[in-house]
Amino acid sequence: MSTQDKVIAIIAEQAVLEPSDVTLDSTLEDLGIDSLGLVESIFAIEEEFDISIPFNANEPGKSDFDISTVAAIVAGIDKLILEKA
Amino acid sequence: MKRVVITGAGTINALGHSVPATLEAMREGRCGIGDLEFRDVERLAIRIGGQVRGFEAEGRFNRQQMSLYDRFTQFTLTAAKEAIEQSGLEFHGELSAKAGVVLGNSGGGMQTLDENYRSVYEDGKNRVHPFVVPKLMNNAAAGHVSMQFNLKGPSFTVSTACASSNHAMAQAFQMVRSGMSPVMITGGSESMLCFGGVKAWEGLRVMSKDACRPFSANRNGMVQGEGAGVFVFEEYDHAKARGAEILCEVIGFAMSSDAADIVMPSKQGAARAIAGALQDARVNASEVGYINAHGTGTAANDKTECAAVADVFGPHADSLMISSTKSMHGHLIGGTGAVELLACIMALRDGVIAPTIGYEEPDPECALDVVPNEAREARVEVALSNAFAFGGLNAVLALRRV
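Protein chains in written order, with the UniProt record's numbering: chain L, 1 to 85; chain P, 1 to 402.
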């Protein structure tokens, strides 16, 4: 599975949707993921890719990690994987 | 209904090992938060906290006691001793039979849990010390206080996360006000600053890596603390009859539940608790001069709390003072309301308002007088102490100058 497929699977599970219902331009809000769902998704992504995502729920906008859309999350993960390598 | 007054106070926390030391630190706006020191701290992302330093349990407690006292019990007994000594009370006969101890606590013996899980899971040991259970149970502190001071009345532990101490003190208050007991020992304690305790909080991603800055626009989360606060709640005539020094009067309380979300606070739930406390105390909103805020320094709490205060107090919200001492001693979770009650006592008795330190940038969503960075002198007749817990469980106490 590609990063994109894995991320979509994680987010779909969190949103209780089919992966086919999650598109790259979906926002987490569109998908009905609340603040706890977001923290759980980030945890699942960290576990899946063995990376650490800099994210503080108090200042989501300040984080280098962009969570505005599924595409942004995928791009952020790819960057973190590259940095790790 | 009986009047209820506070005739003794004790504490140990990151600001000091006694009430005078803690109040002095609050007056000076000193910060007790610093680098955490314990095993495996290097594996944490969050490495700051309001840790109690220079506290040597050895010497205070004998070997047998040490094998039974988790750090949260050691803190509780230390604070209880200071409070009861100040009150001058000794518990014998009928007073002993009626007086009890109600304490708040959230995590129980976290240090004991952490050490023993490490021993059986990480070190692969198959045997643990026989007292692990009586040491880690979260009513251990209440039990030991009852034994040490001969309190044979109603005693138990209240656990409502960050509101535990306020819920506990509300219970004790009710018991004295109703005439059930002339004296109750109450307050709370916490000691979660160990690897497992901080690691668990880290997961929630609400902790700050650098400082607790309540109400400041650049706040970025909470910082944990540890310690205890213990008080003697006494029936007014009982205290007067023996010529006891009265620190302040407890005049009311209210509890409410948001029934909404397990972690996100609700303005309505907080406002109902604040308004309820005023109603129970039979005071007008305009009489309140100071509120010790829950003020955790998270984005969500501080703006919700300020909105709730604005709703309840209307235009008077702009003339009262509201500060969060968590900026100095950190968030003591189940013990936090007890240590924060000291700031209310200082406001009412000494006319000194503890500041919110670390305040750097105004936040339009927290546009109240948060007493930024420096303590202030002011005469206050009525003070409130807020606590809003995970679970949506709220408890607010109302106090009056005597």
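No lab work stands behind these hints, which were simulated from the structure alone.
Every residue, glycine too, gets a C-beta built ideally from N, C-alpha and C.
Treat each hint with caution, since some may be false.
Calculated lysine-lysine pairs in the DSS-like style (CA-CA distance at most 27 Å, straight line) [as the list claims (entries may be wrong)]: (1) LYS84/L with LYS209/P; (2) LYS62/L with LYS84/L; (3) LYS209/P with LYS303/P; (4) LYS2/P with LYS125/P; (5) LYS62/L with LYS199/P; (6) LYS79/L with LYS199/P; (7) LYS81/P with LYS98/P; (8) LYS62/L with LYS81/P; (9) LYS62/L with LYS2/P; (10) LYS267/P with LYS84/L; (11) LYS62/L with LYS79/L; (12) LYS79/L with LYS209/P; (13) LYS303/P with LYS98/P; (14) LYS98/P with LYS62/L.
Coverage of chain L stretches by chain P, computed from C-beta distances (three or more under 8 Å per stretch; other residues unrestricted) [to be verified]: (15) 35-44; (16) 55-69.
Sample of chain L residues with no beta-carbon within 12 Å of chain P, all distances over it, derived [said to hold, decoys possible]: (17) MET1; (18) ALA12; (19) ASP25; (20) GLU29; (21) GLU48; (22) ALA72; (23) LEU80; (24) LEU82; (25) LYS84.
Verification of the supplied hints:
{"no.": "1", "hint": "LYS84/L with LYS209/P", "verdict": "22 Å, holds"}
{"no.": "2", "hint": "LYS62/L with LYS84/L", "verdict": "22 Å, holds"}
{"no.": "3", "hint": "LYS209/P with LYS303/P", "verdict": "20 Å, holds"}
{"no.": "4", "hint": "LYS2/P with LYS125/P", "verdict": "55 Å, violated"}
{"no.": "5", "hint": "LYS62/L with LYS199/P", "verdict": "23 Å, holds"}
{"no.": "6", "hint": "LYS79/L with LYS199/P", "verdict": "26 Å, holds"}
{"no.": "7", "hint": "LYS81/P with LYS98/P", "verdict": "19 Å, holds"}
{"no.": "8", "hint": "LYS62/L with LYS81/P", "verdict": "46 Å, violated"}
{"no.": "9", "hint": "LYS62/L with LYS2/P", "verdict": "53 Å, violated"}
{"no.": "10", "hint": "LYS267/P with LYS84/L", "verdict": "42 Å, violated"}
{"no.": "11", "hint": "LYS62/L with LYS79/L", "verdict": "17 Å, holds"}
{"no.": "12", "hint": "LYS79/L with LYS209/P", "verdict": "23 Å, holds"}
{"no.": "13", "hint": "LYS303/P with LYS98/P", "verdict": "42 Å, violated"}
{"no.": "14", "hint": "LYS98/P with LYS62/L", "verdict": "55 Å, violated"}
{"no.": "15", "hint": "35-44", "verdict": "holds (count 5)"}
{"no.": "16", "hint": "55-69", "verdict": "holds (count 6)"}
{"no.": "17", "hint": "MET1", "verdict": "26 Å, holds"}
{"no.": "18", "hint": "ALA12", "verdict": "22 Å, holds"}
{"no.": "19", "hint": "ASP25", "verdict": "25 Å, holds"}
{"no.": "20", "hint": "GLU29", "verdict": "15 Å, holds"}
{"no.": "21", "hint": "GLU48", "verdict": "16 Å, holds"}
{"no.": "22", "hint": "ALA72", "verdict": "18 Å, holds"}
{"no.": "23", "hint": "LEU80", "verdict": "15 Å, holds"}
{"no.": "24", "hint": "LEU82", "verdict": "21 Å, holds"}
{"no.": "25", "hint": "LYS84", "verdict": "16 Å, holds"}
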